[in-house]
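Engineer: Each chain, written out:
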Amino acid sequence: MRRAAHRFGRRVTLRAVLGLALVTAFVTAAASAPWLAPRAPDAQDITQRLTPPRYGGAEASGFVLGSDQLGRDVLSRIIYGARISLSVSALATFGAAIAGTTLGALSGFYGGVADQVLMRVVDVQMAFPYLLLAIAFMLVVPPSIPNIAVVLAISGWVLYARIVRINTVALREREFVAAAYAIGAPNGRILAGHIVPNLVPTITVLATTQIAQFIVAEAALSFLGLGLPPSVPSWGNLMNEGRQYLDSAWWLEVFPGCAIIVATAGVGLLGDWLRDIVDPHLHL
Amino acid sequence: MKIRRRELLRWSAGALGASFGARMACAAGVPSGRPQAAYAMGPRATGGFVYAQSSEFHEINPHRELWSDDSSLHFCLFDSLIERADNMQLIPVLAESYQNTGPREWSFKLRRGVKFHDGEPLTAETIRWNIQDAVRTDIKRDVTWQAFDHIEVVDDYTFKFVTKNPDPVLPQRLVRFFILPQKYYSRVGEQGFIAQPVGTGPYRFIERAPDSYVKLQAFDDYWGQNASLRDVVFRIVPDPATRLSALAAGEVDLITPLPPDQVKNVNANALTKAVWVSSDRIAYCQFWPESPQGGRELRDKRVRQAINYAVNVDNVVKYVLNGLSTRIPTIFPKTTFAYDTSLKPYPYNPDKARALLREAGLPNGFSVNMEVPANFILPATNEVCQAMVGDLAKVGIKVSLKAVELGTMVKLRDSKQIAPIYFWSWGTDFLDPEPFVRGILYTKSPYTFYGKPEWDQMIDAAATQLNTAQRAATYKKLQAEIYDDPPYIFLYAIDNVYGIRRNIQVTPRTDERVIVAHIRRT
Amino acid sequence: MVPLIVRRCWGLVLVLLSVSSVAFVVLRFTGDPVQMMLPPEETTPEQVTRLRHLLGLDKPVWIQYADFLKNLATGNLGESYRYGTPVTPLVLARVPATLELAGAAIAVAVAVGIPLGVVSAVRKDSALDVFVSSVSFLGIAVPVFWLGPVLILLFAVRVHWLPTSGTGTWQQLVLPAVSLGTYPLAQLARLVRSDVLDVLSEDFVRTARSKGLDERAVLTRHVLRKSALSIVTLVGLNVGVLMGGAIITETIFAWPGIGRLVVQAISFRDFPLAQGAVVYIALMTVVANFLVDLSYGFLDPRVRTT
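Residue numbers (this note's numbering), protein chains in the order written: chain A, 3 to 286; chain B, 1240 to 1761; chain C, 2 to 307.
Read the hints as simulated data drawn from the structure, not as lab findings. Treat the hints with care, as some may be off.
Claimed, not checked - Restraint ranges, calculated between C-beta atoms of paired labels, are given here:
no. : chain 1 : residue 1 : chain 2 : residue 2 : range
1   : C       : Tyr66     : A       : Leu22     : 44 to 54 Å
2   : B       : Glu1598   : A       : Ala23     : 29 to 39 Å
3   : A       : Leu20     : C       : Gln172    : 33 to 43 Å
4   : A       : Leu20     : C       : Val160    : 29 to 39 Å
To be verified - So, partial list: chain B residues that the calculated Cβ filter (under 8 Å) puts toward chain A:
no. : residue
5   : Gln1532
6   : Asp1553
7   : Thr1647
None of the values given here were measured: they were computed from a predicted structure. Ideal placement from N, C-alpha and C gives every residue a C-beta, glycine not left out.
Based on the provided sequences and hints, a complete structural model is requested.
Structural biologist: This is the structure:
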């Protein structure tokens, strides 16, 4: 371990390790939910509502992190919730990245009217607070994981479009591109084969930041009643349902909140580390 | 860094934009002044009374009241001819007395010596103007005066209502028909009235900050008993969790409704306690076998009976609502005229439910969609529905539950796209079956999704029956019929729960209204 | 300069036109205002038809849009369906509250974020640095709707140091400003830390040190200048949220800002009010961004508008 660390030099820091560890933990928990969770997330028993948590795994029948207002196990719901939150944000980020990068790269490379139009569209969208945009859309489409991912992606593609476009414009002038031109490579090839690969590190950094934002954004939509259906154990839903119990059944709000915080922090740490490697001047 | 700054520089604004903005500002006058502090922090000492509201008052003018509840404010500022006392009895208020003087005629004697806040006296002519103002067709919504024909002014303090058809419930229609000052309104107009409302009520309007608070003060020249609390503030606190915190911190004196799950906590707090009364608002799940989302299985009444047997409503009331609701056999609360006490609610019997499903040819159950409004006036709707879903799963009915935003749900219902089962509520302070059945059982009503022509006939017959015994018999027959051929999952009537400061004395009302003038501090 | 301003003006007009049109279109898919306004228990179909006509909703959509554009051109944003009063004063009444909260949040971010950033950069890699970095990092990860209620519970319910909600006194501004300001605070701390590290490693600093100049004076001057830029960047990044997206903070703390107005208007399907509020938010956002740009030009001579 030490020698590997040395090879990376100063690049592997405590932050990196912590970030990686947290992200791995969550992804693993999400993937292995059916085996890891003590109960099914929707197994309800209204005679056992709002029981407080029993830490340190007392009897197997106890609720380790307490039960919610329908007698469902909070721990299980958080574990299954990891699946939902991570898949929504990953899907949304993926969509936003693809859409934004494509549009930004095309726009930056070819310039002209299309470029101007795209930039105006970006300006207009950025004059709209993203939450309002999401609210308006969520009222029109039925709530489901893909739909929410699409809505978040729509609010998020702009970030990539701008940065990719600027970088494309800069890269366009570089020698290796000129060289490719000279040997007669078609535009598409240049774009896809030379320019975009150079942007991947930047895009990755943006993406990790955005995953973290989307985890919180999904929860925000649930706060406003526009997220996933109530029985779905997304972290946002858990927090929204637990809000009125902050003073009486605090475990309903605190534990999912911790999950969001820790997951977001983990992804963010990872993003920081990537950014430090890729481009320390890229402030986000 | 440089690149990004240039990016930010792309934003545009400028003289044209500024003038555009200025134009819009000038177009209607920029309001002045910042709201003053309405109260201090921490537990309130004495004097003022603070009532936390969940949303802004939209219609200061009570004749324009839409689907919102601004009545707490209206009760402070205005009076009506007839009102319901805290025990729901009809009592004359601005009317001194009234009686049914003919098949289509009701005569009223007006109280003398009543003055509006600006000194204008109340006469029968004022009443006539009020009716005419309320039935104008150029406003958003007129009062439901279907049966009303005209009003005859006999002298300054006597007048007659004349109806097109015999109307046994006319006095009830006058409840919450608030009386406005004719001269003042004619002088200041609608906008002026909204900015500074005037009425005959126990409180005077002091000031208002939009979406923040409304301040009132007791009216010294009130014709009736002066209100006990001198200074009243309605505070707008939209978030339910923050309202709870404000109550727990002692910043507000009353919040309503209080979710049943919070009752224990509120009682445990030294500053606060919970009080409640059974109300007339019911919860039910509407069946719609013809829904575009499916549900044809619901055409068979045995299936609908099975669902009523399969849902353990008693448990829901006991555990989810902490006992703060009352089971009802059909859709009429106990206080309704002609409530049939011999009918018992469907017992919890999953075996019977399965048997009925087998009889109906569905031994393996079936799948169906269900919708519930996301943030609703009733407490714990999500939990109630999810508990029901769990119960139905045990007899093989797989319910796919969706929480839909309220406005969207209204849209679905009105465009006839709503799910075959949906959770809704109905409430009225008529204490009479007529508004219930007219609204959700009468086949010509847009909110009825399961009805029958025979039931329509019964509803029409009972509506014009002045003989109470005959009316009661018709309604009892109707109840028995819908019990047997259920258009709904029969659920419960909720309790109105208030969270209050311990030194407040208030009687929660069945009709969910809060009359601040009746509240006192001990 | 003048041609630039003219160009930007067209840009603003285009933005406002597009934003209001998008709002117009999207809102009309969300449902029927008339059905939202009339209580189902007591309404007749005639009332529904009449109300629809009164609000102009029975006209074909493109005529409604044409009317809307015509009114917009004269600065008339119409009348709220719900309140029955003109939209502009309703919206403008909320603007001061929004600006107040935004200003306070930025103030919190600046007052705490800059010192944190400086301290953790100057003492890089020490325990203090790690602690401050973690705290500022958590600030980015903690959602407002978790932080807000927790702050209310701790500072208003458990002890009565601050009020839970509302507006009017400065005490009521504290908790919402802290909740809303935590995210920019954390961002700023990280930005400043990075800036200070940059400054510390630059050649001229070493030169200054070798010349014997007081390190602190050099540091302060350059750090301040870079911080000013970072603050401006920060405002630029958060403009969207501050100018109209602080919905969650406003809802939790009963703060009568413009973000909450939009959400309420949307949930009541009050189209004119929602459209009007959105237009104002866009206007404020664009103006704020313009000010950010100007400050950039002012603070950093390398970047001048071209």
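Engineer: Work down the list of hints and note, for each, if the structure agrees.
Structural biologist: Cross-check of the supplied hints:
1. C:Tyr66 x A:Leu22: 44 to 54 Å: Roughly 52 Å apart at Cβ, these two residues keep to the hinted range, so it holds.
2. B:Glu1598 x A:Ala23: 29 to 39 Å: Since the Cβ atoms of glutamate 1598 of chain B and alanine 23 of chain A sit about 59 Å apart, the hinted range of 29 to 39 Å is violated.
3. A:Leu20 x C:Gln172: 33 to 43 Å: holds (38 Å)
4. A:Leu20 x C:Val160: 29 to 39 Å: The hint (29 to 39 Å, Cβ to Cβ) holds, given that leucine 20 of chain A and valine 160 of chain C are roughly 34 Å apart.
5. Gln1532: violated (11 Å)
6. Asp1553: violated (11 Å)
7. Thr1647: holds (6 Å)
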